[in-house]
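All chains, please: the whole structure from these sequences, using the hints.
2 protein chains.
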Amino acid sequence: MSQIRILIVEDEPLIAVDIEQVLTDINYEVSGIAFTVDEALHQLQHNTPDAVLLDINLDDEKDGIYIAEIIHQQYQIPFIFLTSHADRHTLDRAKKSNPAGYIVKPFDEKDVLAGLEIALYNHAQKQTQSQPKLSLTNINKKLRHPLTDREFAVLQAIYEGQTNQQMANAMFVSVNTIKTHIANIYLKLDVPSRTAAIAKVRSW
Amino acid sequence: MSQIRILIVEDEPLIAVDIEQVLTDINYEVSGIAFTVDEALHQLQHNTPDAVLLDINLDDEKDGIYIAEIIHQQYQIPFIFLTSHADRHTLDRAKKSNPAGYIVKPFDEKDVLAGLEIALYNHAQKQTQSQPKLSLTNINKKLRHPLTDREFAVLQAIYEGQTNQQMANAMFVSVNTIKTHIANIYLKLDVPSRTAAIAKVRSW
DNA sequence: TAAAAAATCATCCTTTTGGGTGACTATCGG
DNA sequence: CCGATAGTCACCCAAAAGGATGATTTTTTA
Numbered sequence: 076m077s078q079i080r081i082l083i084v085e086d087e088p089l090i091a092v093d094i095e096q097v098l099t100d101i102n103y104e105v106s107g108i109a110f111t112v113d114e115a116l117h118q119l120q121h122n123t124p125d126a127v128l129l130d131i132n133l134d135d136e137k138d139g140i141y142i143a144e145i146i147h148q149q150y151q152i153p154f155i156f157l158t159s160h161a162d163r164h165t166l167d168r169a170k171k172s173n174p175a176g177y178i179v180k181p182f183d184e185k186d187v188l189a190g191l192e193i194a195l196y197n198h199a200q201k202q203t204q205s206q207p208k209l210s211l212t213n214i215n216k217k218l219r220h221p222l223t224d225r226e227f228a229v230l231q232a233i234y235e236g237q238t239n240q241q242m243a244n245a246m247f248v249s250v251n252t253i254k255t256h257i258a259n260i261y262l263k264l265d266v267p268s269r270t271a272a273i274a275k276v277r278s279w
Numbered sequence: 076m077s078q079i080r081i082l083i084v085e086d087e088p089l090i091a092v093d094i095e096q097v098l099t100d101i102n103y104e105v106s107g108i109a110f111t112v113d114e115a116l117h118q119l120q121h122n123t124p125d126a127v128l129l130d131i132n133l134d135d136e137k138d139g140i141y142i143a144e145i146i147h148q149q150y151q152i153p154f155i156f157l158t159s160h161a162d163r164h165t166l167d168r169a170k171k172s173n174p175a176g177y178i179v180k181p182f183d184e185k186d187v188l189a190g191l192e193i194a195l196y197n198h199a200q201k202q203t204q205s206q207p208k209l210s211l212t213n214i215n216k217k218l219r220h221p222l223t224d225r226e227f228a229v230l231q232a233i234y235e236g237q238t239n240q241q242m243a244n245a246m247f248v249s250v251n252t253i254k255t256h257i258a259n260i261y262l263k264l265d266v267p268s269r270t271a272a273i274a275k276v277r278s279w
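Respectively, the protein sequence lines represent chains L and P. Per this note's numbering, the very first residue in the first sequence carries number 76; after that it's consecutive. Per this note's numbering, the very first residue in the second sequence carries number 76; after that it's consecutive.
Do not take every clue at face value.
Claimed, not checked - Keeping only pairs whose Cα atoms sit at most 30 Å apart, straight-line, the calculated DSSO-like set for lysine-lysine is:
| # | chain 1 | residue 1 | chain 2 | residue 2 |
| --- | --- | --- | --- | --- |
| 1 | P | K208 | L | K208 |
| 2 | P | K216 | L | K208 |
| 3 | L | K275 | P | K208 |
| 4 | L | K275 | L | K216 |
| 5 | L | K217 | L | K275 |
| 6 | P | K217 | L | K263 |
| 7 | L | K254 | P | K275 |
| 8 | P | K217 | L | K275 |
| 9 | P | K208 | L | K263 |
| 10 | L | K216 | P | K275 |
| 11 | P | K208 | L | K217 |
| 12 | P | K217 | P | K254 |
| 13 | L | K137 | P | K208 |
| 14 | L | K254 | L | K217 |
| 15 | P | K275 | L | K217 |
These aren't lab readings, by the way, just hints derived from the structure by calculation.
Have a look at this one:
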């Protein structure tokens, strides 16, 4: 497995080099160091890293959050903020840019390692849970009349896009049985269709 | 709006009181302090807080991650780890328990504030994004034949559980038009049904 | 062990979707 | 001005899904 390549965006050279040292020590590869917004954007485009460490308070008219927004919109890679004196307004903007994590300055080697690992892990989680599974307990928590195991299995299958016939085959029962389960699901969820059911439980 | 109530789980009294001071200073309410796992569980059940600050390295045979797992499974509240000397194995377990955030010790007032705010915000985001919106650009990034604006609007409506007739009414066109759009969507997404379309784009 | 709940299947009928095809109009870029 | 693209609509037919009702068999549980 090849190394994870990280871009550091930090206008203070001493800190930047410091971080670079830490990262290479613990076996990450630093794809580049950008001291300005423009350098960062250039690096992103021409030498795309796997993750970005991003100083919020760049000494530039466009700050780190500006870069964050671009990363969020155009690239699919996680970025972690390095924050020091984040005022409330800056913090608000930062939060909305969907960062994978934060590391609060002043930080030592351990902080960077922990923050980075955790952020990367979380991001990976988000990416790989391509089929976010439904949870029976979570769903039933919200229902007066809880779903039975069988009904839940059917709901799962609906959620995954299966037809009634496919479910019947997979579960070794007749389509009529599936339809009965579905009718009961609709009653309990108070919806009129499979798509409505999906929309309703999606966030549960 | 009432104060956010926070439970502190920390076996070192000096640190615990320290954190309590910080939190009350910045207008959070500390619902309680637990020095042991049992105390923590008791507090959770009988005086349920809105969030938990959780020391990973409790001096107990059951550590903070044990509590984290219970919180994750039984309560819907966010928890933030206070970590100091997290070894790799502990870190691995911690990551899997789905924390809302981390704060690395030694921390000062600013760290706690920033970590807590961010964690709570992220958690709130997760909870409230009941209808995660689809993104045309994200979807088109993955398609050979990109969706048109109109097709995307229809896909959105499908995603929200609408019927063809409802869409037609809402968009002031005939059901036939909607059906044409849907047929084209299926071609481009390479799916045979609305539920399959939903399942396919859900994670995009 | 008797009652309740869950799972199974059927039948009839209606509505919604999906597939295929053709056509008209508006817009935009060369 | 022409061709490509997008948006609109129609008609036909087939397949899938939904609504209502009743019934039988397991399984659970009080």
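Verification of the supplied hints:
no., hint, result
1, P:K208 to L:K208, "holds, 18 Å"
2, P:K216 to L:K208, "holds, 24 Å"
3, L:K275 to P:K208, "holds, 14 Å"
4, L:K275 to L:K216, "holds, 14 Å"
5, L:K217 to L:K275, "holds, 11 Å"
6, P:K217 to L:K263, "violated, 36 Å"
7, L:K254 to P:K275, "holds, 23 Å"
8, P:K217 to L:K275, "holds, 26 Å"
9, P:K208 to L:K263, "holds, 25 Å"
10, L:K216 to P:K275, "holds, 27 Å"
11, P:K208 to L:K217, "holds, 22 Å"
12, P:K217 to P:K254, "holds, 23 Å"
13, L:K137 to P:K208, "holds, 28 Å"
14, L:K254 to L:K217, "holds, 23 Å"
15, P:K275 to L:K217, "holds, 26 Å"
In summary, the structure is inconsistent with hint 6 from the numbered list given earlier, while agreeing with all the others.
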